[in-house]
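Engineer: As you go down the protein sequences, you meet chains A and B in turn. Using this note's numbering, read the first sequence as starting at 1 and increasing by one per residue. Using this note's numbering, read the second sequence as starting at 1 and increasing by one per residue.
FYI, nobody ran anything at the bench for these hints, they're computed from the structure. Please read these numbers as outputs of a predicted model, since none were measured by experiment. We put the beta carbon where it would ideally sit given N, CA and C, even for glycine. Just to be clear, a hint being listed does not mean it is correct.
Taking lysine-lysine pairs in the DSS-like style, the calculated list, with each CA pair at most 25 Å apart, reads [unchecked claim]:
1. A:Lys7 - A:Lys20
2. A:Lys324 - A:Lys245
3. A:Lys130 - A:Lys107
4. B:Lys124 - A:Lys20
5. B:Lys124 - A:Lys73
6. A:Lys177 - A:Lys167
Computed beta-carbon distance windows for the label pairs [claimed, not checked]:
7. B:Pro102 - A:Asp28: 57 to 67 Å
8. B:Thr189 - A:Lys7: 20 to 30 Å
9. B:Arg15 - A:Asp54: 51 to 61 Å
10. A:Pro37 - B:Ile139: 39 to 49 Å
11. B:Arg15 - A:Pro310: 37 to 47 Å
12. B:Pro16 - A:Ser333: 47 to 57 Å
13. A:Gly64 - B:Lys124: 27 to 37 Å
14. A:Asp28 - B:Thr189: 23 to 33 Å
15. A:Arg243 - B:Pro216: 54 to 64 Å
Spelled out, the chains give:
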Amino acid sequence: MHSVSIKDLSVSFGSVNVLKDLNIEVADGEFLVLLGPSGCGKSTLLNCIAGLLDISEGQIFIKGKNVTWEEPKDRGIGMVFQSYALYPQMTVEKNLSFGLRVAGLPKAQIQQRIANAADILQLEPLLQRKPAALSGGQRQRVAIGRALVRDVDVFLFDEPLSNLDAKLRSELRVEIKRLHHKLANTMIYVTHDQIEALTLADRIAVMKGGLIQQLDEPLTIYNKPRNLFVASFIGSPAMNFLRGKITGANQDKAFTAADLTVSLATYDAQEPLTNERDVIFGFRPEHITINDKPGPAGLSCEATVDLDEPMGADSLVWLTVAGKPISVRVDSSRRYLPGEKVHLNFNPAMASLFDATTENRV
Amino acid sequence: MTAINTISTEPHGRRPTRTFTPAKIMIYGVLAVAALYYVLPLYVMIVTSLKGMPEIRLGNIFSPPVEITFQPWSTAWTSACTGLYCEGLKVGFWNSVQILIPSVIISILIASVNGYALANWRFKGSEIFFSVLLFGAFIPYQVMLYPLVIITRELRIFGTLTGIIVIHTIFGMPILTLLFRNYFASLPTELFKAARVDGAGFWRIFFQIMVPLSAPIFIVAVIIQVTGIWNDFLLGVIFAGSKNIPMTVQLNNIVNSTQGVKEYNVNMAATILTGAVPLLVYFFSGKYFVRGIAAGAVKG
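Based on the provided sequences and hints, a complete structural model is requested.
Structural biologist: This is the structure in C-alpha cells:
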C-alpha cells in the first residue's frame, strides 16, 4: 500500500500556477526528498500534503484515506519546520504535549509518549527549559520530538536543517537518518541542499517550476540525470558541459566539439544517435582522469592546466578543452601548475548526452 | 627614544572624541530652545495654580508664588462651577473613568481578534475588508457625526453611557486593527502552522499561542486608547449625554463659564488635573509608546 499518494495535484495563486498536474506515490516507510531551487514549489507541495494550503485541483491520499479536504490534525502527519516554530512561552515538555492536550489524551498516556520521545531524542535534561534557553540543534530536536509524540504515519520536514551551522547540520542529518531506520515511518523531506538529499533519500524528486523533473534513486539521479537541469543542479563541483555534434559512421559514433572528438561506443544511448545532431556532452569532474601520456585513441585529448584548487582530500583542476573551461577532480597528492600540458581520459559510459534543443537525455 | 616618539604621535588606541563640535552645539542648542518652548507654558500653569487671586492680579505671570496655596486645586476638584452645578471636576473625572475602562477593554478585545483573523486566517476578500477598515481611519469624524447621531438614536443609546462606549469602540477599530494585524503578521507564520498541525483551532491558537506572545502590543494598544479616549472632547460632547459628560467637556465648561470673576488659578489647576492621566501614561510608558508608533507603520 502506498503511504502517501498525490494525484493530479495543481495549486494556483490567482493566475500563477505553482504546481501543475503533479503525481507522486510514496511507498510505506520510504524516505522521499523533494529537492529544487527556491521557488520550485517544493515547500508548497509539502504544505499541501500537510493540509496547510488549499489545493486547486487533484487529490491527496494518506494511508489509502482521501484527506484532500481534511484538517491538518486529521491527516496523520507530523511536521518539522525550518524555524523550529516552538511555542516560545511554553517549556519543552509543554511544547511536546500541546498537540496531545488539544486532542484530549489521558495524562498518563501523554507522559508516556513524552518520555518515549525524550528518550529517543535525548531530551530528558531539557524538558523543563524554555526554547529560548536551547541551542539551535536542541530546538530542532524538540521540533522533531513534537512530530514524534503525535505517533503519526507520515513525517513532513520543511528544510529542517537550513538554519543550523554546517557542523550541526551534518550531525543532525545522521540523527534523522538513524531515526528513520528506527521508526521506519514514511518521511517526506524538503531541502535545497543536494548533499542532504543524496545522503538521506530513498528516492529524490527533483523539482523545477512546479514540475517534477526526475523522480529516482539518488545514484540514478546523480549518474543518469534525465535532463540538463537535473544534471546541472545535482553535483558539487558541478558537471561539465560541452556543446557539439554527433559524428561518425553507424558503429563508430562520436561526439565532436571544435578539436575534440570522444568516441561514444560505450555510451548507453536511450535512442538512436543520429548524425549531425546538436548535443550537449556532460561529464562529472570525477569521471575524467589526468594523465601524462595520451590514452587510447578517441577517448583522450590534450589540455592545458589553468588553475589548481586543492580542497583537502582532492583537488579541482581547471583546464581548457575545446575552448571551454572544464574541471577535473583529482587526488590532491599531486599539484598542477598553470600552463602545464596534460592528457585527459574520458569515460563515456559515465557521461551524459543531452539534446541541445529539448535539453533531454539522449 | 626616537622609536617611542614616533609611536606616541601616530594614531593608536581609542580614537579621541571632541566634546564641543559645532554640530553638537547646534543640536543641543536647538533641543534646549525646543524644550524651553514646551516647558514654559507648563511652568506658568503650575506657578499660577499655586498663587492666590490677589497675587495673580499683580500680573507677573513668570514670578514664582510668594504664598503657596493649594486652595485652587481643591476648589477645582470639589467645588468649581459648571453652569448651575458646583460639584467640581471630580464628577467629570469619574464619568471619564466610567467611559474609559469599558471602551478600552471592549475595543482592544474586538480589534485583537480582528487583527488576528486578518493576519492568520486570510479569507476571500480579507484584503479588501482590511483596506475598507483602514480607509475608515482617514475619514474625518465630522463627516460621520450626523449619521451616527441618527443611528444611535434609533438604537435608543444616544446620550447614554452605552452609546459613548459603542462610539469609542467603533472609532478605535481601524487603528487598533491595523496595529494588531501588523503585529500578528510579524510573528513567524510557522508558529501558526505548527499549532494547526497540533490540532488547535481558531480560538485556542489565539488564546494559547498568540496572546501570550503579544504583551507588548497589548500595552501599546492600551496606551493609545487610554490617551485617545481620555483626551476626546467632540464625541463626548455629542454622544455621552449631560449625565455622563467626560472630564474634558466639564473642564471646558468651568474655564469658559462667563459668570463672575475668572479664577485663573482654579482654571490652571483644573487643566493640569485633566491632563494628568495622559501625562502619567506618557511618563511611565514612553518606551512602549514609541514602539507603538513604530508598530503602526504599515508592514506585511
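Engineer: Hints first: check each against the structure and report whether it holds.
Structural biologist: Hints versus structure:
Note on Lys7 of chain A and Lys20 of chain A: the hinted pairing holds, with a Cα-Cα distance of about 11 Å set against a maximum of 25 Å. For the proposed pair Lys324 of chain A and Lys245 of chain A, the alpha carbon gap of about 15 Å is at most 25 Å, so the pair holds. About 21 Å separates the Cα atoms of Lys130 of chain A and Lys107 of chain A, which keeps this hinted pair within 25 Å; it holds. Our distance criterion of 25 Å between C-alpha atoms is met by Lys124 of chain B and Lys20 of chain A, whose separation comes to about 23 Å.
The suggested pairing of Lys124 of chain B with Lys73 of chain A holds, with an alpha-carbon distance near 23 Å, which does not exceed 25 Å. Restraint check for Lys177 of chain A and Lys167 of chain A: the C-alpha separation of about 16 Å stays at or below 25 Å, so the hint holds. Separation of Pro102 of chain B from Asp28 of chain A is about 59 Å and conforms to the stated range, judged on CB atoms against 57 to 67 Å. Separation of Thr189 of chain B from Lys7 of chain A is about 28 Å and conforms to the stated range, judged on CB atoms against 20 to 30 Å.
Here the CB-CB span from Arg15 of chain B to Asp54 of chain A is close to 59 Å, well matched to the stated 51 to 61 Å. For the pair Pro37 of chain A and Ile139 of chain B, the supplied restraint of 39 to 49 Å holds, since their beta-carbon distance comes to about 47 Å. In this structure the hint that Arg15 of chain B and Pro310 of chain A lie 37 to 47 Å apart at CB holds, the actual value being about 41 Å. At about 55 Å, the CB distance of Pro16 of chain B to Ser333 of chain A agrees with the hint of 47 to 57 Å.
Evaluation of the 27 to 37 Å hint for Gly64 of chain A and Lys124 of chain B yields a pass: the beta carbon distance comes to about 32 Å. A beta carbon spacing of about 31 Å between Asp28 of chain A and Thr189 of chain B agrees with the range 23 to 33 Å that was offered as a hint. About 59 Å separates the C-beta atoms of Arg243 of chain A and Pro216 of chain B, a value consistent with the hinted range of 54 to 64 Å.
Checked against the numbered hints listed earlier, the structure breaks none of them; every hint is satisfied.
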